[in-house]
Structure formats: structure tokens, C-alpha cells
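Engineer: Per our numbering, the sequence shown starts with residue 70, numbered consecutively.
Hints are computed from structural coordinates only; laboratory data are not their basis. There could be a bad hint or two in this list.
[Said to hold, decoys possible] Cut-off 35 Å, straight-line C-alpha distance, at most; resulting in silico cross-link-like pairs (DSBU-like, lysine-lysine):
(1) Lys112 <-> Lys99
(2) Lys88 <-> Lys110
(3) Lys167 <-> Lys99
(4) Lys110 <-> Lys99
(5) Lys99 <-> Lys88
(6) Lys161 <-> Lys88
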Amino acid sequence: ENLKLTELKGDTAIIETAKSFTASISSELKGMVGEKELKGKRKSFNMLTDQLYNLLRTVQYDREIIYHQHCPMAFEDGDANAYWLSRNNDIKNPYLPKTMLTCGDVSDSLDYRLR
């Protein structure tokens, strides 16, 4: 679903921050497409998740609940946790769908519907 920045109600700082996040998201998506190895794609997906999560918090996305989910074992080197966003609180791990589909937990949820 498209997020129309022109529909944002807020001060110019919020709008500029949102524009910055969308530019970073676009750039990271291009980088992810260019990644040859799965490990690189996973790292890009994790960075995209962080950027999208911050964007949704900044604009206080209010159309539905968004769950910020976490897997501590997605990366072999163990140096980073992996996150993803979901519309559902059930865990469906996109990093390890064949071996650990339900590995993870909900680390946060965004619900701005009743503001």
C-alpha cells in the first residue's frame, strides 16, 4: 500500500524525516535487488525493516496494527538480530521459513488507530 506523504498532517520536520526514510528505503531496495547471495539479501531486508519501522512510527501509521517481530538466530555469525514487520502477531519467520518458520517473538506493535 502506498504511503502518501502529501496526506501527512504534521509539522514540516515530520514530513522531511518521512521523506528521508522513503529515500533510504528506495535506495536499500535497489541494493537488495542487486545482492547475489542470500546472506546479503537477508541483511538488506533487516535494514529495510528498520527503515520502514521508523517511517511508520514517524508518520504514526493508523490504518492497521503493525507488529515488529524479531528472530535472534537468523544470521549465522550471531552478531545481529533480525527483524521484520507483519500485519499479524503470529510468527512467520521470513529469514528461516524452511527450518524455523515459527522462531521469533513480537518485540513491539504500532497501533495508532485510536488517536
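Engineer: Would you mind marking each hint as holding or not holding in the structure?
Structural biologist: These are the hints, each one checked on the structure:
About 13 Å separates the Cα atoms of Lys112 and Lys99, which keeps this hinted pair within 35 Å; it holds. This hinted pair checks out: Lys88 and Lys110 have alpha carbons roughly 24 Å apart, not beyond 35 Å. Only pairs whose Cα atoms come within 35 Å are accepted, and Lys167 paired with Lys99 is accepted, the gap being roughly 26 Å. Between Lys110 and Lys99, the direct Cα distance comes to roughly 11 Å. Compliance with the 35 Å bound is thereby established for this hinted pair.
Proposed proximity of Lys99 and Lys88 is supported: the alpha carbons are some 17 Å apart, at most 35 Å. Between Lys161 and Lys88 the alpha-carbon distance is near 30 Å, which keeps this suggested pair within the 35 Å criterion.
Violated hints for the displayed structure: none, as all numbered hints are satisfied.
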